[in-house]
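Participant: Mind docking chains C, U and W on chain E? Use the hints.
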Amino acid sequence: MEDRIVKSITRMVIPFIQLYGVFIILHGHITPGGGFSGGTLIGTSLILYTLVFGLPTAKKKFSHRMSQIAESGGIIVYVGIGLVGLFISGQFLTNINAGFPLGEPGELLSGGMIPLLMIAIGIKVASTMVSLFHLLIEGDLDADHPGIR
Amino acid sequence: MQIIQVFVDNINFIGAVALFLIGLRTVVTKKNLIKRIMGLNIMGTSIFLFLVAIGNVTGGVPPILSGEEGVTYINPIPSVLILTGIVVVVSITVYSLSLTVKIYEMYGTINQDELTNLIREDDLHD
Amino acid sequence: MINQLPIINMLLFLATALIIPLLSRRKFNITLIFGFNMLALVMTSSFFMLFHIADNGAIIYQFGGHDSRIGIEFKVDLMAAIISLFVVGLTTVIYIYSCGDETEGVEQKEYGRYYILLFIMLFALLGIIYTNDLFNAYVFMEIISITTCSIISIKRKKETYAASFRYVMLNEIGSLSYLFGVALIYMVTGYTNIDFVSQSIQTIWQLYSINIIIALGFLIIGIGIKAAVFPFHIWLPDAHASAPSSSSALLSSIVVKVYIVVLIKLLFKVFKLDVLNHFHVSDILVVVAATGMIMGSIFAIAQKDVKRMLGYSSISQIGYIVMGIAMFSSLGLSSALFHIVSHGLMKAALFLSVGIIIYKKKIKKKDQFEGLAYEMPITMGVFTIAALGMIGIPLTSGFISKLTLGVAALDHRQGFLIIIVVLSGLLNVIYYLPIIISSFLKSEPKIYHPFKIEKVPWPMLTSVIILGIGILTFGIFPNLIMNIMTQAAELFGWV
Amino acid sequence: MKKHLLNVLFLILFGILVYSIIEMPTMQTVDAPSYNEVTEYYIENAVNETGSVNFISAILADYRGFDTLGETIVLFTSVIAVASVLRTVKKKEEEEA
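Chains as they are written, first to last, in this note's numbering: chain E, 1 to 149; chain C, 1 to 126; chain U, 1 to 495; chain W, 1 to 97.
Only chain E is shown next, with the shape it has when bound in the complex (with noise of 0.2 Å):
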């Protein structure tokens, strides 16, 4: 697709789009919100850049290797919290008998292992979205539709 209107649009709008993201996953714990709708919008950004750009220039910007990293780092982390309450105080997952610091509620350094778990969380839900978008349109090329280029 060749609209300038459109490329140069969208290169404006993505950073505000992820802003809000990482906005949204930063405040799960004061705010509605969280990891879900957090990563879900960070996702959908680069949805939006594949979809304007086409898939070749998105690849280069997000591979494949690193959507990788990006889910399996997404478990490895929460799985690592957990086991940081496994090694201190004999409970997977636990949040005040790890000793993780709770802060004073309201703040944004607060809650313990709550934000932690939401990054991750985040950083695994935007690369799942992307990486599932990609593997279906992959998939959609494939096919004698020419579908997005």
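Bear in mind the hints are in silico, worked out from the structure with no lab data behind them. Beta carbons: idealized from backbone N, C-alpha and C, even for Gly. Honestly, I wouldn't trust all of these hints.
Cut-off 27 Å, straight-line C-alpha distance, at most; resulting in silico cross-link-like pairs (DSS-like, lysine-lysine) [as the list claims (entries may be wrong)]:
(1) K59(E) to K7(E)
(2) K360(U) to K269(U)
(3) K304(U) to K365(U)
(4) K2(W) to K30(C)
(5) K361(U) to K158(U)
(6) K304(U) to K362(U)
(7) K35(C) to K157(U)
(8) K158(U) to K31(C)
(9) K304(U) to K269(U)
(10) K30(C) to K3(W)
(11) K3(W) to K35(C)
(12) K30(C) to K158(U)
(13) K3(W) to K31(C)
(14) K2(W) to K31(C)
(15) K361(U) to K157(U)
(16) K360(U) to K157(U)
(17) K158(U) to K362(U)
(18) K35(C) to K365(U)
(19) K157(U) to K30(C)
(20) K31(C) to K157(U)
(21) K35(C) to K2(W)
Incomplete in silico selection of chain E near chain U, CB under 8 Å [to be verified]:
(22) S8
(23) V79
(24) S89
Facilitator: Using the frame of chain E, we list chains C, U and W on its own:
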């Protein structure tokens, strides 16, 4: 009069049941594979609607600490269950869509009847 | 330390699934050996857990140290320990087989993904056995749905995609009706933990009896679709016939059985006998099981494809298990548990030996088995042992499970059920015996070459031999596991 | 004919399910059976025990954190599953070309 009151009180449940059965009927009777996937999503959504109805409290506020005295929070547990459920239904939808892409590539149709005939022909050739 | 074993077992499988993509793809043998070591490790720890639980009672594990009504709880009782050991052990055997299966099942490039999916499936299977939380069970159920569907569709054949699409649709209907049931239960009780739900149901079930029976119906139908209990079996034959042989063995002998365990949990831990007897659940289940036993065998007779025939035979055998459960007695439940193990071994042996035959000979039809025993004596030998077990000949484990089922039926004062068991056994004879006879006899003796024995890769042969020995061992010394199963079945608090 | 039979079946099912509202517990109020001591526990203690003012996040990531782990694994599995269905065919075509 009382019967109407009962209906009005449980309108969410009736809606959820109706949606569930509409979804189930779509999955069972429709021949188009994409429509069947849509049916599954309708079924999932009906359950989420039901869970929202269970958790809701009339006049309640969202379950985020508000600092004011004497407010009633809605029940947070169903919301958590819904969050988990949505993600699961999304994954299943994507997987079945990918299967549909593949079936279209292999057989050139996404109509269940034509598909059944094609599979039967393949069996006869073996 | 021993209290942490359930979660450590599950995390080991998860870690294996996450590490496999990192291992070098060229030296795939390292991955295989690594996976085997993990399985052996978990099997050892499951053994430990079984002995610990038999002596000291159930392991209760609360996540995050929260009270069990607040957080999520694992409760590993004796039944869960037995079934988890069975799942891990049988998977190890099938895993050994799949290491040798190079062409029939899965493409070379898909090997890594196949094992990732296998280990995630094991993670979820252990989770659903251990968990004591209804909603947590739903999450694991969905993981199992996706993984089982994709270890079928990984074969990349035309008919596989159609079969897995049908499987995924029915599986999803099952999951969602289970979720609807859980939502209804949550509405009337306010808990998701099985113990508290059960306590609450005992006090309120007369107040909300219509809601409870609708919830019970949704839950049983949901699990019934996934466990292929008779009227909901339509996905099973297609899925089993088109899957790779090792996946068929996994599906038929493990996944379906785990759902049966969930059914046992739902019936005897959540609803308990008072509620069930009031709604006559026992009678309904007996009718369903008896129809399944007969109809499954009749469908199986009509099939020409061997794997499809084995699929229909599974439906009839699931009828046996459900009938054992439907007795609502300690004897019936222990016979069901024994049949879970024995049918698991027999069906795995049948699918794997048929898999070897397909791998070597590329034949799928029933009538092409003529004279095979002269070329593949060990494979056909194990096939014969397992088929005789299905029929119920003494010295095999199938005989013991049918015997205990018959005794349980007599004990339940439902002697006519024995007639159905015997009839179903006779129907089994009709479709298994011709295969055995034609494979050992030849109509044209001149093709007979005594020394032309096919070479089969050693991992496939080893796993099949282990299964054959297992069937005979449990047939000759049933008390090795029967005692502990009776002990497990008595823990359910029968009146 | 078959279609009408199915429709009638679904209508009967709908009737049975709607019939259950005559015994429905009270909903939409704090008297509902689901609004029990567990809910009150979360509302009273979640802030002190987890430091999060959003109760849903507290339950999602702490009290029922294991569910959420299962959920992330569902996503991971779906990527692997979709890749196993769709991915390598393209590589094959490239090899052939």
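Participant: The structure should be examined with respect to each hint, and the outcome stated for every one.
Facilitator: Right, here's what the structure says about each hint:
Our distance criterion of 27 Å between C-alpha atoms is met by K59(E) and K7(E), whose separation comes to about 17 Å. For a cut-off of 27 Å, the pair hint linking K360(U) to K269(U) is broken: about 47 Å separates their Cα positions. This hinted pair checks out: K304(U) and K365(U) have alpha carbons roughly 6 Å apart, not beyond 27 Å. Our distance criterion of 27 Å between C-alpha atoms is met by K2(W) and K30(C), whose separation comes to about 13 Å.
A distance of roughly 21 Å separates the Cα atoms of K361(U) and K158(U); the hinted pair therefore holds under the 27 Å criterion. For the proposed pair K304(U) and K362(U), the alpha carbon gap of about 15 Å is at most 27 Å, so the pair holds. A C-alpha spacing of about 24 Å is found between K35(C) and K157(U), which places the hinted pair at or below 27 Å, so the restraint holds. With a C-alpha separation of about 19 Å, the suggested pair K158(U) and K31(C) falls inside the 27 Å cut-off, and the hint holds.
Of the supplied pair hints, the one linking K304(U) and K269(U) is violated, its CA atoms being roughly 42 Å apart against a limit of 27 Å. At most 27 Å may separate the alpha-carbon atoms for a hinted pair to count; K30(C) and K3(W) meet this at roughly 11 Å. Only pairs whose Cα atoms come within 27 Å are accepted, and K3(W) paired with K35(C) is accepted, the gap being roughly 17 Å. Simply put, K30(C) and K158(U) have alpha-carbon atoms about 22 Å apart, close enough for the 27 Å limit, and the pair holds.
Simply put, K3(W) and K31(C) have alpha-carbon atoms about 13 Å apart, close enough for the 27 Å limit, and the pair holds. Of the pairs offered as hints, the one joining K2(W) and K31(C) holds, with about 15 Å between alpha carbons and a cut-off of 27 Å not exceeded. For the hint pairing K361(U) with K157(U), the CA-to-CA distance comes to about 19 Å; that is within 27 Å, so the pair holds. Between K360(U) and K157(U), the direct Cα distance comes to roughly 19 Å. Compliance with the 27 Å bound is thereby established for this hinted pair.
Under the criterion of a C-alpha separation no larger than 27 Å, the hint pairing K158(U) with K362(U) is consistent with the structure, at around 17 Å. The suggested pairing of K35(C) with K365(U) is violated, with an alpha-carbon distance near 36 Å, which exceeds 27 Å. Taken as a hint, the K157(U) and K30(C) pair is honoured in the structure, with Cα atoms around 25 Å apart against an allowance of 27 Å. Proximity of K31(C) to K157(U) is assessed by CA-CA distance (about 22 Å); at most 27 Å being required, the pair is judged to hold.
Our distance criterion of 27 Å between C-alpha atoms is met by K35(C) and K2(W), whose separation comes to about 20 Å. Using the Cβ-Cβ criterion of 8 Å, the hint placing S8(E) at the interface with chain U is not satisfied: the shortest such distance is roughly 38 Å. Taking 8 Å as the C-beta cut-off, the interface hint given for V79(E) holds, the closest approach to chain U being about 7 Å. Interface restraint check: S89(E) against chain U, minimum CB-CB distance 7 Å, threshold 8 Å, status holds.
The structure does not agree with the numbered hints 2, 9, 18 and 22 stated previously, though it agrees with the rest.
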